[in-house]
Amino acid sequence: MRFFLYALSTLASGLVTLFGAAALVFASLRFVPGGYADILLGPFATPAAREAIGRRYGLDEPLFVQFLHWIVAMLHGDFGVSMVTRRPVIDEFLRRAPVTLELAVLALTMALAVGLPLGVAAGVAPVKAKRTLLARLVGAFGASVPDFVLGTILIFVFSVWSLWLKIGGFAPFSEDPILNLRTMLLPAMTLAVFGAALIVRTTRDAVLRVMTEPYITAAVARGAAPWEIVRRHVLRNAAIPVVTVVTTYFGFLLGGAVVVEVLFSIPGVGLYAYNGLGNRDYAIVQAGALLAACVFITINMLADMLYAVIDPRLAASGAR
Amino acid sequence: MNLILRPHRAWFSLWRRDSLSAIGLTTLVVLVLLGLFGHYLPIGDATRIAAGPRLAPPSWRFPFGTDELGRSFLPRVVLGIRATFLLSALAVAMTACLGTLLGMVAGYFRGATDQIVARVADVLFSFPALLIGLLIAAAAGPGETSAVAVIAVAALPLFVRVVRSVTLTLSGRGFIVAAEVAGASPLRIMGVHILPNIAGAVVVQLTYALSIGMIIESALSFLGLGVQPPDASLGSLLRQGSAYLTFAPWLALSSGLVLSAAIMSVNLVGDAVRDALEPLQGRSLT
Amino acid sequence: MSALIEARGLTIAYAARERHAVALDAADLTVERDESLALVGESGSGKTTLGMAIGRLLPPEARRESGDLLVDGHSVFVAGDEELRALRRDKLGFVFQNPMTALDPTMRAGRQVALALGGANAETVRELLARVELPDPDRVMRSFPHQLSGGMAQRVVIAMAIARKPLALIADEPTASLDASVRDRVMETLGRLRAETRASLVILSHDLRMVARHAGRVAVMYGGRPVETGPVERVLKQPAHPYTRALLRAGAGGEKPGERLEPIAGSPPVLAARAESCAFAPRCPMRQAVCSQNRPEPRAVEGRLVACHFAEAMLAERHAVEETKP
Chain A
1 MRFFLYALST
11 LASGLVTLFG
21 AAALVFASLR
31 FVPGGYADIL
41 LGPFATPAAR
51 EAIGRRYGLD
61 EPLFVQFLHW
71 IVAMLHGDFG
81 VSMVTRRPVI
91 DEFLRRAPVT
101 LELAVLALTM
111 ALAVGLPLGV
121 AAGVAPVKAK
131 RTLLARLVGA
141 FGASVPDFVL
151 GTILIFVFSV
161 WSLWLKIGGF
171 APFSEDPILN
181 LRTMLLPAMT
191 LAVFGAALIV
201 RTTRDAVLRV
211 MTEPYITAAV
221 ARGAAPWEIV
231 RRHVLRNAAI
241 PVVTVVTTYF
251 GFLLGGAVVV
261 EVLFSIPGVG
271 LYAYNGLGNR
281 DYAIVQAGAL
291 LAACVFITIN
301 MLADMLYAVI
311 DPRLAASGAR
Chain B
321 MNLILRPHRA
331 WFSLWRRDSL
341 SAIGLTTLVV
351 LVLLGLFGHY
361 LPIGDATRIA
371 AGPRLAPPSW
381 RFPFGTDELG
391 RSFLPRVVLG
401 IRATFLLSAL
411 AVAMTACLGT
421 LLGMVAGYFR
431 GATDQIVARV
441 ADVLFSFPAL
451 LIGLLIAAAA
461 GPGETSAVAV
471 IAVAALPLFV
481 RVVRSVTLTL
491 SGRGFIVAAE
501 VAGASPLRIM
511 GVHILPNIAG
521 AVVVQLTYAL
531 SIGMIIESAL
541 SFLGLGVQPP
551 DASLGSLLRQ
561 GSAYLTFAPW
571 LALSSGLVLS
581 AAIMSVNLVG
591 DAVRDALEPL
601 QGRSLT
Chain C
607 MSALIEARGL
617 TIAYAARERH
627 AVALDAADLT
637 VERDESLALV
647 GESGSGKTTL
657 GMAIGRLLPP
667 EARRESGDLL
677 VDGHSVFVAG
687 DEELRALRRD
697 KLGFVFQNPM
707 TALDPTMRAG
717 RQVALALGGA
727 NAETVRELLA
737 RVELPDPDRV
747 MRSFPHQLSG
757 GMAQRVVIAM
767 AIARKPLALI
777 ADEPTASLDA
787 SVRDRVMETL
797 GRLRAETRAS
807 LVILSHDLRM
817 VARHAGRVAV
827 MYGGRPVETG
837 PVERVLKQPA
847 HPYTRALLRA
857 GAGGEKPGER
867 LEPIAGSPPV
877 LAARAESCAF
887 APRCPMRQAV
897 CSQNRPEPRA
907 VEGRLVACHF
917 AEAMLAERHA
927 VEETKP
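As you go down the protein sequences, you meet chains A, B and C in turn. With the numbering used here applied, the first sequence corresponds to residues 1 to 320, in that order. With the numbering used here applied, the second sequence corresponds to residues 321 to 606, in that order. With the numbering used here applied, the third sequence corresponds to residues 607 to 932, in that order.
Don't take each hint at face value.
Unchecked claim - One side only, chain A facing chain C, incomplete, derived with CB under 7 angstroms:
hint, residue
1, Y215
2, G223
3, R231
4, H233
5, P312
If you are wondering where the hints come from, they were derived from the structure by calculation, not from laboratory data. All values derive from a computational prediction rather than experimental measurement. Ideal Cβ positions, reconstructed from N, Cα and C, are used throughout, including at glycine.
Extracted from the complex, chain A is given alone in its bound form:
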């Protein structure tokens, strides 16, 4: 029951955030000089065309009414029509979503596989051990080399020695799984390095913080073996910050890793939104930003509920 109330309040606050995100996107494109008609038609449109578009989108109505129309349209799945292909933007995004999802899952898996063990080891190790230095170095390196630098270096290296992996020439997983993996591994790796660094650093700090808690001393005093203490007490109590950062990272990946998709020509939502900007097809940009925020907020709501499962005190206090 308490958990149900907690979940409900999480849901409510997520919806409020979503509403705010929609308002921000709406405002960003309506308040620009030249107005929405300019964005839709370009600066050289005839007055007649402007008037037509104004009527169609209700641009002469008050902003608030326009906003409501816009929200209602989106609730019906109408995110606008691409200027270039004349097809609904939402269909284009849904068609590309599996590619971005695959990339995100691949990158997250790699980042977790490297980040979690290294982070726990660095947090548990006695201070000043070599492992701490290594984790700091890996953490600083991964968090510092931007994905496009790493991607460029990888492209350079793998264009000289191909080593089975391929750059570009993407094929959907359903058509050619092997070719798909050959093209996806490098971009996923590029994204995973930053994620791994983030996870190492967060896990190390969270574990280190738990290690200062009296209940760890109490467990040591009971003569529990180190591995048992880590498994039974440390991991769960250190989990919340790690879940937070993993959620944030995954949310950003799903929002479309624009740079990496552009760099490796991966036809996901990020590349689509970027090309939309290049073609002055602003409905795509607008929908892309909003959908990314949507996905991000949804994942965060799930994480909030997960927190309450991890730490029963949260559901009790109702605080986030």
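Guided by the hints, dock chains B and C onto chain A, whose structure is given.
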């Protein structure tokens, strides 16, 4: 005091204690000095076209080679360092002031003010930085102002959240309550009593935000949405260089490595600051 | 049979960056089997360091400089990791100051007790919780720590400490974080369990009067070592060390109407190295030249161990005062 009178001694003592931080600090100082004064160095003209052959490999005369217009690449990288540091530092500094103020007000007054500020931070946080970049570029056109705006949007929630939560815990503490009872105005309490106590958290967040700001600035410039030619930032130089990756890799690699070193130095210094401000020492499990 | 716990000239220092503080200054202490001993002192007196050293539960920056500590005849400082774990598991039980932080907040109490028992079934857990006088053990087992009151949580901690039938229970300010109304009852439970299991109980406390009710012997700590050790009734009725007397006069609780509490002037010392004089001398009303020249070593005076050059004078003064009373 030691730091000012005998900087080399302070450096050696840092090096002995924590060599990684010492390397980071040294790199950061060198890069900032290069960014500030590098264009006075006799390393050649960043804008002179056909100073040498096109796309020449690194040599004594052109240590980083030349670009497709025959410009010496080293002075261009130095310009890029300047642009990347300046733009992101400017954006982060402005955001830090605003974010600290908002976070403090939210954490101190609580109630509706807090709800609104926290919600705005949530909303801003829910957009991936580069999609905000696309959105702002669509609305206001690409350029340096857009880049600053994107960094501000991405960094604001970082400051608001941290400052707000620290202020929330502080405002229940005895010395704040005592100041309230003594009749201090909210402005005085925030400025005199809260601000010094959150300064550490802000400084830590500042370095973190600066590294993120530099990543965002260079990513936007790399996508062609930030600094526009003929100006150069490390990201736009990498964009320029990656077009010739296969036959003139030094362009992309040199700018990419300098950029990575710059961000890494900021991160290492940030780690050192954080470890100094809140040392964590867990117990050993045996 | 040898003593259960024996500290011999144990010196432990904390090495913070470029600073060095001696927490235990050649401390000697003996805990017999089947007794209850209270280590009493102000914060910084070294009582917690000494108590935690029994299980070698010292923070990472603590260094043993000399001396040794034996539990059941085995040095805890020589023991290997596995041997040390076995010693903590089977021979020692710890009760901590704040039960709310000594219990894992994300695990139900029943499971934590079961783990302390080495993976027991619900029936054994229930019996153990009943032994520590917890009403409604089933509800407690299902609860998370934050759903328990402080007193109940401390009883869970006590249950975990006695789960493996230890030879010694070490309780660090076991009631300091509890409501005054439940303190005595928790202490009584602890004392009863000790007596039933014939284990020894070491109470670390700053509260002399609580100690008077629940311990058989007391060791008053000052400057990193016990300065007066002996049976409670003797030591508290007739202190032979000026510090013990000062502590008694400063403590509230037993005063008669009109009597003043006398705070101890000055503050406890932070030792940078072994004290070569009496550590209490700067605050001592009875100090003489010799006090700041010679380090008093513990010696037997009237059924107790005292580290004071003027222990006999202290006792004589007390006798004199009593004789002059009408």
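Consistency of the hints with the structure:
For A/Y215, the interface hint holds, the least distance from its beta-carbon to any beta-carbon of chain C being 5 angstroms, beneath 7 angstroms. Interface restraint check for A/G223: the shortest CB-CB distance to chain C comes to about 3 angstroms, inside 7 angstroms, so the restraint holds. Against a cut-off of 7 angstroms between C-beta atoms, the interface hint on A/R231 is violated, since the closest Cβ of chain C lies about 11 angstroms away. At about 5 angstroms, the closest approach between the beta carbon of A/H233 and any beta carbon in chain C falls short of 7 angstroms, and the interface hint on this residue holds.
The beta carbon of A/P312 comes within 5 angstroms of a beta carbon in chain C, closer than 7 angstroms, and the hint placing it at the interface holds.
This entry does not satisfy hint 3, going by the numbered hints stated previously; all others are met.
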